[in-house]
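Asker: The chain contents come next:
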Amino acid sequence: MTNPSSSQKPGRAILAEIKAGLLASLWICLLAFPLMTLEINPSSHTISFSASRLPFLAGATFVLAILWRFFLRRRAFQGVSKAVLKSEGLPEGLIKGPKPTWLTVVMGSRFRYPVLAILLGFMALLPFVSPPYLVNVMVKALIYVSLGLGLNVVVGVSGLLNLGYVAFYAMGAYTYALLGQYLGLGFWVCLPLGALVATLMGLLLGFPVIRLSGDYLAIVTLSFGEITRLVLTNLDITRGPRGISNIRPAGFFGLDLNGPIKDFLVANLGVDKDMDINKILTYFIILGLVILTIICVFRLENSRLGRAWLAMREDEVACQAMGINKTRAKLTAFALGSTWAGLAGVVFASHLSFINPTIFSFMESIMILSIVVLGGMGSIPGVILGALVLIVLPEQLRAFSQYRMLIFGALMVLMMVFRPGGLIQSAREVYLHKLGGQDGPQGGPAGGAARIEALNGAGRPVEGDGRG
Amino acid sequence: MNFFLDLFMSGLTKGSIYALIALGYTMVYGIIALINFAHGEIYMIGAFTALLASMVLGSLGLSGWGLLLSVAAIAAVYSAMYGWTVERVAYKPLRGSSRLAPLISAIGMSIFLQNYVQLAQSPNFLVFPDLVPQIDFLAPVARYISRTQLVILLFTVFSMVGLTVFIKFTKMGMAMRAVAQDQTMARLAGVNIDKVISATFVIGSILAALGGVLIGCSMRQISFYIGFIAGMKAFTAAVLGGIGSIPGAVVGALILGFAESFAAGYVSSSYKDVVAFIILIIILIFRPEGIMGQAQTQKV
Amino acid sequence: MADLRPAAGQAGHAGDPVLQTRGLSMVFGGLEALNNVDLEVGRDTITALIGPNGSGKTTFFNCITGIYRPTRGQVTLFPAGLPAIGLKGLAPDVITHHGLARTFQNIRLFNNLTVLENVLIGRHTRMKAGLWGALFRDRATRREEREAIGHSFELLVSYGLDHMANELAKNLPYGDQRRLEIVRALATEPRVLLLDEPAAGLNIGETSSLRDLITSIRERERVSILLIEHDMSLVMSVSRKIYVIDYGRLIAQGPPDEIRRDPKVIKAYLGEE
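Chains as they are written, first to last, in this note's numbering: chain A, 4 to 471; chain B, 42 to 341; chain C, 76 to 348.
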């Protein structure tokens, strides 16, 4: 069964790996040769040669190529072993179900609510004890969390690749900026309006294009994102490329937060004296939005509608055969994703107080998509982690900022090849049932011999007759 | 009338360049039903390689047609190598996975290549040398067609003829058509699918590289970002003509070139990029199979 | 060809048609995949459609389930005690709602969802909750959800899959995947269950348990079954009436014993002498 040469002579196998690694690094150096060694001086219009970057590239490629081959083989082997198990008809006990992770264990235990409460308390205290810049970073990260969770409904749960997500984000931001500028409307009025505008645009775009197959949808949304950006750049009302400035922060019952309230907070709660208290308010607004989003997405995922989305992602033909109206399900997912982008857009505009079209470029869509892909498509904790990793980490590692998009691009390829489920794979809801119990209302509509009870919650099946 | 003729010629040349890129999209889609998002970057790399090659060869004393042709050849070879590698790294490991995975991988590859060139070369526009030599016999009609435009048309026509001959008469071309029709049957008939896919990427990349050289000659400046916009437009052209159809891609590209050129001339130049996108959306809504494509029946 | 159309008002008796096609034809760019197919599925019976590879069996399924729109002809459903419903031209999800459910030749489960969720999705068309219900989880939604989960568990218990309820569908052994696909179709509460080569890829033991499964479904659920199959012994042992199709045309119909001896059928399967 096994290859005799590889099992008998491990030395030869290692040699083969080294050879493959050398070949790969030679090939990559050849590819990189002109672009990375020749440099043009635009002012003198001369060209200079420097091979100093090549040795590093060669070494890195060598290591990466060997790792690549190793992981690719491991991946292939995993696939085979499962298939073998299936074809041999081995007892299902041998086929592993979803493995419990630390996350599902904690969330399934009775410590769930205490853990969540501690986490929430920590998040609530954070702005009062941290320096202003950290609050800014957190606001930014939380905006991306809600964007990520919104896009996750579209891409991760429903399997619709939306590459123009940033357009709906821009709709929200511009709705607030324009209504505030021209009509003097405040943040709290514009928050639902921004969401409404984005949702309507989502429906307007979604209605005709939603029946297109997946890859066409990707292209159309990409085009839509670009059109939106170009229109914003060329319109007079949006002040073109200059954008709109002096956008007001969110109000708090008409109070001036940086007046006596600030003095009180600084004196009694140890808040940093350089802190803009409006930022703390923004922090709580976006935190609230994120919590609301998490609840909504969780409820959706485990509902009739959410299951229809998942079914659609898994198999469009089979989902229709189950009586799911594909068009309507797609449209709902698409429009709902836009709603969240609109909400996040309004908060974003109030946070930054200045917006222009270049903020809403294609790269921004890619950024949000990276969050979903890296974190785990369809996984709520995954998306949160993805946003924190991709937003907070680069803030801390500014030296690498120019490599950021390069790394994102590479990450997207690597994730798809080796871990398409993302860092935290989405765990499915576990349902419990008991046979022959005595209490509780009858579950099924048609009374059968089986007594059935279903429990919600991401818990693991529990033995015994006590009810969870 | 002259204004119209100018717009016509610029539309024709623009359309020719789109056609060269669109062929790569349409061929890859025909074979493995994947939108190769990174294809625009291959074109951009072709343009950058051409720029570097022209400066090196120019300083070695090469000039005239020899310079233009060797620069084009070097760009084609390099782009082909990149195209082959992209397929090997980003798409091949994903055969048989979900529909979304290769798309996301393709976008990742596109972003990676864009930033790679930006970091390795320059984030700004670079001046592209005038590689097209004087063509004396063009002097009487010079006000209707420039030498660059003539070269673009010639290159495009030669490439189309070459591609047609390749697809119709070579063994690999036949294998490509077989795979496009029915992958399973082609495999059973002994066609090496992996080889055919690689060859498709190589050929598409060569055509894109020629497009890159030509756009450099005509715009006289290039940047790492040109691949994204041109890629989008070429893709639009491919969809317009009917994705998977080779003549369709050419027709679609020409229509798009004219539409853009006339829109810029008669409507407003600031919205010229929007035209392509709007055409794309309209086509996808009303005739997703394109002008020369066939409606697909779902396989169940 | 005998006209088996029932007299009006007789619907409801065993043996009356519950599903009927008249002159069903499907043309793909000049190629006639189906040509004037008249077929009836008797109420509470198992009917089989057989034919060589490429004879048009799956096309027939796709036509009556709305995946393809038939070029000509009628598809009619006769629900017991209700007016007849013309199915031609309806969308697949509407057809499922009216009471046709199917399985697929190459299993099409929702692989990354659990076994229970697969069945729950089958309940979709019998549930009502929409966006509002999902977000606010009002009482009606909670009750509906509870009932759907209960119903799904009952189905899984009845067909021996409950011990794997929380496994991902893709991790099931092949035979159980086939079984799950049938259970998922049953969850839609079909009047007619369409099985597309359910024995494909099963070994002898699995095929025999499939035979038990099919007969037990017919006894337990009030459902009529239309079966496409290659496995002759399975078809002959479970079905009351068999239709034979070749090159898109019906070439024979009748009870198993007649079909077994029909020279036209033998010729279609074994080729010209």
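You may find that some hints are simply not true.
Pairwise CB distance ranges (calculated) [what the hints assert, rightly or not]:
| # | chain 1 | residue 1 | chain 2 | residue 2 | range |
| --- | --- | --- | --- | --- | --- |
| 1 | A | 78 | C | 315 | 27 to 35 Å |
| 2 | A | 118 | C | 128 | 51 to 59 Å |
| 3 | B | 203 | A | 25 | 45 to 53 Å |
| 4 | A | 76 | B | 103 | 42 to 50 Å |
| 5 | B | 176 | C | 181 | 37 to 45 Å |
| 6 | A | 67 | C | 291 | 53 to 61 Å |
| 7 | B | 327 | A | 109 | 47 to 55 Å |
Keep in mind the hints are simulated off the structure, nothing from the lab. Model, not experiment: these values are computed from the prediction. Cβ atoms here follow ideal geometry from the backbone N, Cα and C, with glycine treated the same way.
Asker: Decide, hint by hint, whether the structure agrees.
Answerer: To see whether the hints hold, each was checked on the structure:
no.: 1; hint: A/78 with C/315: 27 to 35 Å; in the structure: violated, 49 Å
no.: 2; hint: A/118 with C/128: 51 to 59 Å; in the structure: holds, 58 Å
no.: 3; hint: B/203 with A/25: 45 to 53 Å; in the structure: violated, 36 Å
no.: 4; hint: A/76 with B/103: 42 to 50 Å; in the structure: holds, 46 Å
no.: 5; hint: B/176 with C/181: 37 to 45 Å; in the structure: violated, 60 Å
no.: 6; hint: A/67 with C/291: 53 to 61 Å; in the structure: holds, 56 Å
no.: 7; hint: B/327 with A/109: 47 to 55 Å; in the structure: holds, 52 Å
Going down the numbered hints, you'll see the structure goes against 1, 3 and 5, while the others check out.
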